[in-house]
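Visitor: Given these sequences and hints, build the entire structure.
If you read the sequence shown in numbering that gives the first Met the number 0, its first letter stands for residue 0, the second for the next number, and so on.
Each hint should be verified, as a subset may be incorrect.
[Unchecked claim] List of simulated lysine-lysine pairs, DSSO-like, C-alpha gap at most 30 Å: (1) Lys131 with Lys58; (2) Lys456 with Lys433; (3) Lys131 with Lys213; (4) Lys213 with Lys58.
Source of the hints: derived by calculation from the structure; they are not laboratory data.
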Amino acid sequence: MDVRGFANSIAWTSSLAGFIRVANFIINQLSLRLIDPANLGRQSFKLDLLYSSVQQLSKDSVGLAALNGSISSQQSINLSFLAIPLNVISLFIARVTFFRSLDGVGDDNDYNAALLLYTVAILVESLVEPLKLQAIRRAEVKRRLLVDSVAFATKSIGTLVLLSKYGQSHSLSSHAAGQLNYSLIQLLAYITDYLSEARVIFPGRLSNESAFHKQSTAALRALTTQALIKLGLTQGDKYIISTHLSDADQGAFALADNYGSIVARVALLPIEENSRVYFSSKVSAQQCASVLRLLLHAYTLLLCVLPAFIPSYAQSVLQVLLPQYSTSSALSILPHYSIYIPFMAYNGILESYLHSTATSVLIDRHSRFLTLLSLLLMPSIYTALAHSSTSLHPIIIVYANIANLGARSVYAYSYASRTLGDADRNASSGLSMKSILPHKLVILACVVAGAVTHYSKLSYSLVAHFAIGGICGVSICVLIVITERARVMSVIKDVKQHRADKSK
0 MDVRGFANSI AWTSSLAGFI RVANFIINQL SLRLIDPANL GRQSFKLDLL YSSVQQLSKD
60 SVGLAALNGS ISSQQSINLS FLAIPLNVIS LFIARVTFFR SLDGVGDDND YNAALLLYTV
120 AILVESLVEP LKLQAIRRAE VKRRLLVDSV AFATKSIGTL VLLSKYGQSH SLSSHAAGQL
180 NYSLIQLLAY ITDYLSEARV IFPGRLSNES AFHKQSTAAL RALTTQALIK LGLTQGDKYI
240 ISTHLSDADQ GAFALADNYG SIVARVALLP IEENSRVYFS SKVSAQQCAS VLRLLLHAYT
300 LLLCVLPAFI PSYAQSVLQV LLPQYSTSSA LSILPHYSIY IPFMAYNGIL ESYLHSTATS
360 VLIDRHSRFL TLLSLLLMPS IYTALAHSST SLHPIIIVYA NIANLGARSV YAYSYASRTL
420 GDADRNASSG LSMKSILPHK LVILACVVAG AVTHYSKLSY SLVAHFAIGG ICGVSICVLI
480 VITERARVMS VIKDVKQHRA DKSK
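Guide: In structure tokens form, the structure reads like this:
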């Protein structure tokens, strides 16, 4: 896959996924009106935490190893099926350790039924994981998006219908039933698709190769160790939230996360998934540098634009969509996601490159860095929480996450700069900071827009406030197109020249 193919894949995936996620986001907002903050907190930081922890561990270990472009298709299939026992084992450990203490939330039959349904959904999705990994490896963007679209739509609509019918009494089990429905649809869709084309989807061994690639097996061991460490870093804050905050405060934090991470779910996840396949394929260092430079530059633009608007419009959006939450602690959390989201983007793309290109020795070194970071960060969070008021706890956790992502991004950026050449010596093909920073006029425009929108929030009506924000947003977009056109065209020219030189 060349840069143009990667760009087309990103464009298709992001646009369709964006439409799907936004539609589901709208449906979910209707669902949020039917669930109280306490149950929202229990769903997000207990049930969803169990589900996401198991899924993340599998994706960051077996998933990365199976997507390695240097192994054969059958060896990739063999590796991907290791996700099934890994998910079962991690689910069992989670249930008998941390989540065992959550089973007895009073005698809440709704919660216990929901926990059982989530457990079944995780087991079903364990069977889906190998099939999904093969679809990602073959870059079957349209097929994968179609399956995900139908599954997400059915989950969202089904949950809304169940919540509308059963209301507050069974809100948790309604969400759990929607999650199980999502897993079952994915399983049926992938199995039907693979069987209809008579593809090899089961583990096996070819006569001319071993069942497992030696280097990939070593990488899998290193990635599994690292995945466990990353799980503590990325989900550790949620474990802290689930044990240190009340259910109502957890619900407010979950609402803020629901709004604050929509950009990550709509745009960043498809880019990260496609980049793993791209970086694992046999592309030149210059092509990798071109893709990384463009994405890092785009994410830096995001870091300039979001703080100009999110702090001024967080309360306004809540007033329109969920007025009952407009005075909750979610209002104090959302503005800080304007910094959190770009750091999520930096870390996602940079670690995708690291995991796709690093040897097992380098991955082990990265794991040691993550261990050290975890040992420094977790006690710091507990200390900060112990010596601060409860109203500051969610904000402390957000900035702890930003520090975590920032440190990991710096490490991965350092690796990318070393492997892609001396960035300072050749800014057009490296990863110099100069090539990543936006134009000065864009930075200035964002500062001015932030001041203008903040003033309009205090001085004008809600309608006028949104109108002023729209004018500022369009103006910044036009300025970005004008100032960044030359940069984008320069990258395209470099890629075309490189391909021409390679074909000679």
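Visitor: Does each hint fit the structure? Answer for all of them.
Guide: A quick look at each hint next to the structure:
| no. | hint | verdict |
| --- | --- | --- |
| 1 | Lys131 with Lys58 | holds (11 Å) |
| 2 | Lys456 with Lys433 | violated (34 Å) |
| 3 | Lys131 with Lys213 | holds (23 Å) |
| 4 | Lys213 with Lys58 | holds (20 Å) |
Violated hint for the displayed structure: number 2, the only one.
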